Structure formats: C-alpha cells, structure tokens
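The listed protein sequences correspond, in order, to chains A and D.
Heads up, the first sequence is in my numbering, so the first residue is 1 and it goes up one at a time.
Heads up, the second sequence is in my numbering, so the first residue is 1 and it goes up one at a time.
A hint or two may mislead.
[Stated by the list, open to error] Keeping only pairs whose Cα atoms sit at most 30 Å apart, straight-line, the calculated BS3-like set for lysine-lysine is:
#1 A:Lys95 - D:Lys43
#2 A:Lys102 - D:Lys102
#3 D:Lys5 - A:Lys5
#4 A:Lys33 - A:Lys5
#5 A:Lys207 - A:Lys102
#6 A:Lys33 - D:Lys33
#7 A:Lys43 - A:Lys5
#8 D:Lys33 - A:Lys95
#9 D:Lys33 - D:Lys102
#10 A:Lys33 - A:Lys43
#11 A:Lys5 - D:Lys95
#12 D:Lys26 - D:Lys43
#13 D:Lys102 - D:Lys43
#14 D:Lys95 - A:Lys33
#15 D:Lys26 - A:Lys207
#16 A:Lys43 - D:Lys102
#17 D:Lys5 - D:Lys26
#18 A:Lys43 - D:Lys33
#19 A:Lys5 - A:Lys26
#20 D:Lys102 - A:Lys5
#21 A:Lys102 - D:Lys95
#22 A:Lys102 - D:Lys26
#23 D:Lys33 - D:Lys43
#24 D:Lys5 - A:Lys26
#25 D:Lys5 - D:Lys33
#26 A:Lys207 - D:Lys102
#27 A:Lys43 - A:Lys26
#28 D:Lys5 - A:Lys43
#29 A:Lys33 - D:Lys5
#30 D:Lys207 - A:Lys95
#31 A:Lys5 - D:Lys207
Everything labelled a hint here was simulated from the structure, so no lab data went into it.
Small disclaimer: the values here were computed from a predicted structure and weren't measured.
Protein chains: 2
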Amino acid sequence: MRRIKLSDQVAEDLRRWIARENLGPKDRLPPEKVLMQHYGCSKGTIREALKALEVEGLLVMQAGPNGGPEIQATSMETVVQQMRQYFHFQNLDFKDVYELRKTLEVMVAENVVGRLNESHFDRLQANIDTCIEASRNDDRETGRIVEVEFHDILCEACDNPILLLMCRFLNAMVRDLVIRRTDSLREHTAFGQHNIDAHIELLAALKRRDSDGVRQAMSQHMHCVEGFMSSLDATFHMDLLSRG
Amino acid sequence: MRRIKLSDQVAEDLRRWIARENLGPKDRLPPEKVLMQHYGCSKGTIREALKALEVEGLLVMQAGPNGGPEIQATSMETVVQQMRQYFHFQNLDFKDVYELRKTLEVMVAENVVGRLNESHFDRLQANIDTCIEASRNDDRETGRIVEVEFHDILCEACDNPILLLMCRFLNAMVRDLVIRRTDSLREHTAFGQHNIDAHIELLAALKRRDSDGVRQAMSQHMHCVEGFMSSLDATFHMDLLSRG
DNA sequence: CTAGATTTGTTCGTATGTATC
DNA sequence: TGATACATACGAACAAATCTA
C-alpha cells in the first residue's frame with residue numbers, strides 16, 4: 001500500500017472545494033501564498049497540486065495583481081486529447097471507429113435538423129468549397145482533414161452534449177487514421193469525390209429540413225466511407241500522445 | 001500571448017519520447033536527477049512535468065532503488081473520471097444519457113452474444129442474487145449501484161474498446177444520477193423489481209445465445225429504465241469532480 | 001533483520017518574469 | 001514610469017520510501 005502524496009491530498013481537497021462552493025469560470029482560488037498557509041505546506045507541494053488541476057483543464061494560472069488560479073470549464077479539446085491518449089495503448093481497428101460512427105453520426109444528423117442557423121449553413125458550404133478546391137489541386141492531406149471538419153461543424157449544433165463529445169472524439173480518431181498515409185492517388189481521388197457529393201446532398205437535405213432524407217444520406221455516406229477506409233491499409237500505429 | 005511554461009515543454013517532450021521510443025507498461029523513464037541534467041532545469045520543473053503525465057495516467061512514480069517514473073497504460077477509470085469532470089460544467093439531463101444508452105447498450109448486448117464465458121455468467125448471476133438480497137432488505141442505495149454493475153460486467157466482454165469505454169462512462173453517469181436521491185420507497189421498489197426481472201431475462205437469452213431475444217430484452221429494459229428515471233426528479237447537480 | 005544505498009517527496013530561501021495599477 | 005502582487009524557476013537540504021546485501 002502506497003502512501004498518498006501530500007500534493008494529491010491537496011489537489012483532491014481543492015476539487016471538492018470547487019464542487020462544494022459551486023465555483024465556476026472566472027472565479028478564483030486563493031493565491032499560492034494563502035494556500036501554503038491554509039494547508040500548512042510548502043510552495044512546491046501547492047504547485048504540484050495546482051498543476052494537477054491545470055492538466056485536468058479545471059484552471060489556468062494567472063500572474064500579476066488579482067491573479068491566481070482562475071477556474072475554467074474543462075474544454076472539450078482537453079477531454080478528447082485524454083481519450084485519444086487512452087487508446088494509444090489499446091489496439092484499435094478502424095472498424096471499431098466505424099461501428100460507432102455509423103450509428104452516432106446518423107443520430108447527430110437527425111438531431112440537428114431544424115436547429116441549424118444561417119451561420120452553420122454558410123460554414124458548411126464554405127467547407128465543401130474548400131474540399132472542392134483541394135480536390136482540384138490534388139491536395140490529399142488537407143482534403144481529408146477538411147472533410148472531417150464538415151462533421152465537426154454539424155455536431156456543434158447537436159443539443160446532446162454527450163453525443164457531441166463522442167462524435168468529436170470519433171472525428172479526431174478518423175483524422176488520426178487517415179492523415180499521413182501514402183495510399184494510391186486513384187483511391188484518394190474517388191474518396192474525395194464521394195465525400196464532396198455526399199456532403200452536398202446532406203447540406204441540401206438539411207436546408208429542406210427533410211429528416212428522412214438526412215438520415216438516409218448520412219447512413220449511406222457512412223457506409224461508403226467505411227468501405228473506402230477498409231480498402232486502405234488497416235495497420236497503423238499513430239502518435240496519439242503528442243498535442244497539436 | 002502567454003509564454004509556454006518550461007514544465008509544459010518538458011512534459012510534451014516526454015510524451016513524444018514515449019511515443020517515438022514506443023515505450024510501454026513496465027518501461028521506465030530516467031530518474032529525476034538524470035532528467036534535470038538532460039533538460040538543464042531544476043528539480044521542481046521536472047517534477048511538475050512528471051506530475052502532468054502522472055495525472056494523465058501515463059506513469060506512476062516509484063521510490064527506492066531501480067525506481068523512477070514507470071510507464072503504464074492509462075486506465076479506463078482515469079479517462080472516465082476525466083469525462084465526468086468535463087460534464088460538471090455542462091448542464092446535463094438524464095435524457096441526454098438515455099438517448100445514447102438506449103442505442104449503445106443494445107449494441108453491447110448484441111456484441112457479447114457468444115463471447116461470454118462461464119466466469120462471466122457466474123458473475124452476472126451473482127450480481128442478480130445481490131440485487132435480490134438488497135431488494136429484500138429495502139437497501140435502495142446499494143441496490144441501485146449493484147444494478148448498474150450488471151451492465152459494467154456485460155460490456156467487459158465487448159470486443160470494441162471504444163464502445164466499452166463509452167458504456168462504462170454512461171454507467172458512471174447513471175450512478176451519479178441515481179445515488180443519494182431520496183425518492184419515494186414505492187418507486188424504488190418497483191424500479192428494483194423491474195431491473196431484477198429484466199436482468200434475469202437478459203441472462204437467460206445470453207446463455208441461449210439468442211441474438212434477437214437479447215436485443216429485444218435490452219431494448220425494452222432501457223426504455224423501461226428511462227421511464228423510471230423520468231418519473232424521478234430531473235434536476236440534479238452532482239459532484240462530478242471528486243474521486244472515489 | 002538490520003544497515004546502507006538509491007530514488008522520490010517535501011521544505012525553505014531566493015531570484016526573476018509578468019501583469020495590473 | 002514605477003510599485004505591487006502574483007506566478008515561475010533555481011538550488012540546497014532533509015525526510016521518507018524501498019530495494020539489496
């Protein structure tokens with residue numbers, strides 16, 4: 001049995017404190033000096049505790065007068081990164097990703113029907129235009145990345161935050177799977193063309209608020225994409241650890 | 001633009017190091033002293049960097065000879081905890097949880113048909129027995145918790161690690177939603193009885209390897225549970241931050 | 001079982017960078 | 001511009017844990 005580190009005890013106490021006092025974004029914890037006195041321990045210990053909460057995305061350190069540890073809502077990017085990191089040591093297959101994507105992307109598509117505003121439509125259209133441009137230039141790398149962004153934009157409008165997180169994570173995994181691959185140009189060209197067509201059809205159905213059409217289009221799109229992915233090399237060992 | 005902290009730079013470099021050298025569980029990073037020399041910075045800085053990777057679940061610190069930072073695979077519990085933490089600042093509804101649970105639990109149930117061994121069956125049966133016992137004693141608190149464990153056991157046998165993680169997370173959220181509530185005894189009794197019946201039916205269908213029966217039983221079970229949950233008080237603000 | 005060696009855990013003191021007024 | 005308040009970083013020391021002889 002290992003003794004619990006002092007810094008971990010402090011970190012846990014700070015978490016409970018935030019929860020109990022119901023502290024939220026823009027609120028601040030006391031500065032290091034005060035925390036040192038409160039917990040009766042040294043600066044290094046306090047700093048390690050705060051570092052833990054910082055890594056969890058719960059706060060940022062602010063220097064200067066009226067500075068100190070400022071609480072913030074953990075960002076989705078932080079959690080998605082943690083999830084990617086977890087799967088670094090699991091051996092994943094693209095079929096695992098698509099088993100879920102086939103279901104969840106359709107849920108999202110249905111969910112956002114009637115909830116998209118003009119700004120969403122504009123961005124989706126701009127995304128498609130960028131894809132077309134990349135396709136013309138045979139720029140496979142950016143093409144693949146921008147295509148995934150289409151789905152990122154879609155799930156932004158989703159009213160279920162859990163579903164939103166899961167789809168964002170799956171999209172991140174798709175990016176990890178698809179980039180930096182040197183497959184044949186022919187396959188990539190066909191892949192890119194399908195994505196453009198499917199996204200155009202989806203956007204049209206979304207503008208019509210045609211629930212059935214949206215579901216059908218997305219479902220078919222996912223099946224096609226899965227087919228393309230399976231035709232590419234299945235083995236991969238991506239660097240899921242590093243940021244950016 | 002804020003300057004990037006030295007400890008964060010070191011942490012990021014260590015992550016890349018682990019990925020590049022393809023280090024895995026049981027491997028070790030150099031001890032603090034060596035890292036201090038390598039990066040030319042002080043002990044406190046190195047410790048903060050290691051603390052970051054420790055929080056991410058990527059390593060544990062070991063004292064003593066042949067000690068040092070030992071790499072480990074990030075545990076599922078660590079990631080689930082991070083996900084719970086993220087939703088502390090989102091306003092979640094139980095309907096968000098069940099919108100996904102209705103779909104994913106059915107996927108799991110179908111997935112594990114024919115993949116459960118005798119050990120699984122024994123544990124599922126033992127779980128049901130514990131539920132019956134808790135029901136007899138009107139022990140609502142443990143009853144609710146053990147019921148969720150039934151689903152935790154099920155998804156253990158799932159061969160899709162992403163689906164496994166997502167269901168484990170949803171189960172954790174269900175626990176957060178359901179425990180420490182003081183609803184009427186009548187509702188809890190009916191709830192508990194339904195769960196016992198549904199789990200018995202599920203276990204039987206699983207033993208028969210009856211895919212259709214399993215899917216149908218789980219689907220119906222989820223709809224019933226959602227109904228029970230909606231009859232309870234919907235407002236909640238759980239302590240998603242603290243561990244344990 | 002004890003004693004010493006190794007490595008992390010924690011403290012104190014000090015200096016420097018940075019944001020606010 | 002300068003003064004203040006805060007985080008960031010360094011260095012030296014000691015305490016505690018853990019392995020080995």
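Here is what the structure says about each hint:
1. A:Lys95 - D:Lys43: Roughly 45 Å separates the two Cα atoms, so the pair is violated.
2. A:Lys102 - D:Lys102: Holds. Lys102 (chain A) to Lys102 (chain D) sits at ~16 Å (cutoff 30 Å).
3. D:Lys5 - A:Lys5: holds, 24 Å
4. A:Lys33 - A:Lys5: Given pair Lys33 (chain A), Lys5 (chain A) holds - Cα atoms ~20 Å apart, limit 30 Å.
5. A:Lys207 - A:Lys102: Answer holds: Lys207 (chain A) to Lys102 (chain A) is near 22 Å, not above 30 Å.
6. A:Lys33 - D:Lys33: Distance ~28 Å between Lys33 (chain A) and Lys33 (chain D) Cα, so the pair holds.
7. A:Lys43 - A:Lys5: holds, 15 Å
8. D:Lys33 - A:Lys95: violated, 44 Å
9. D:Lys33 - D:Lys102: Violated: Lys33 (chain D) and Lys102 (chain D) sit about 52 Å apart, past 30 Å.
10. A:Lys33 - A:Lys43: holds, 7 Å
11. A:Lys5 - D:Lys95: Status violated; Cα separation ~39 Å.
12. D:Lys26 - D:Lys43: holds, 24 Å
13. D:Lys102 - D:Lys43: violated, 50 Å
14. D:Lys95 - A:Lys33: violated, 44 Å
15. D:Lys26 - A:Lys207: Distance of about 54 Å is beyond 30 Å: violated.
16. A:Lys43 - D:Lys102: Violated, at roughly 49 Å.
17. D:Lys5 - D:Lys26: holds, 29 Å
18. A:Lys43 - D:Lys33: holds, 20 Å
19. A:Lys5 - A:Lys26: holds, 29 Å
20. D:Lys102 - A:Lys5: Judged against 30 Å, a Cα distance of about 41 Å means the pair is violated.
21. A:Lys102 - D:Lys95: holds, 21 Å
22. A:Lys102 - D:Lys26: violated, 37 Å
23. D:Lys33 - D:Lys43: holds, 8 Å
24. D:Lys5 - A:Lys26: holds, 21 Å
25. D:Lys5 - D:Lys33: Satisfied, since the Cα-Cα distance of roughly 20 Å is no more than 30 Å.
26. A:Lys207 - D:Lys102: holds, 28 Å
27. A:Lys43 - A:Lys26: holds, 23 Å
28. D:Lys5 - A:Lys43: Distance ~17 Å between Lys5 (chain D) and Lys43 (chain A) Cα, so the pair holds.
29. A:Lys33 - D:Lys5: Status holds; Cα separation ~20 Å.
30. D:Lys207 - A:Lys95: Holds, because 27 Å separates the two Cα atoms, which is no more than 30 Å.
31. A:Lys5 - D:Lys207: violated, 46 Å
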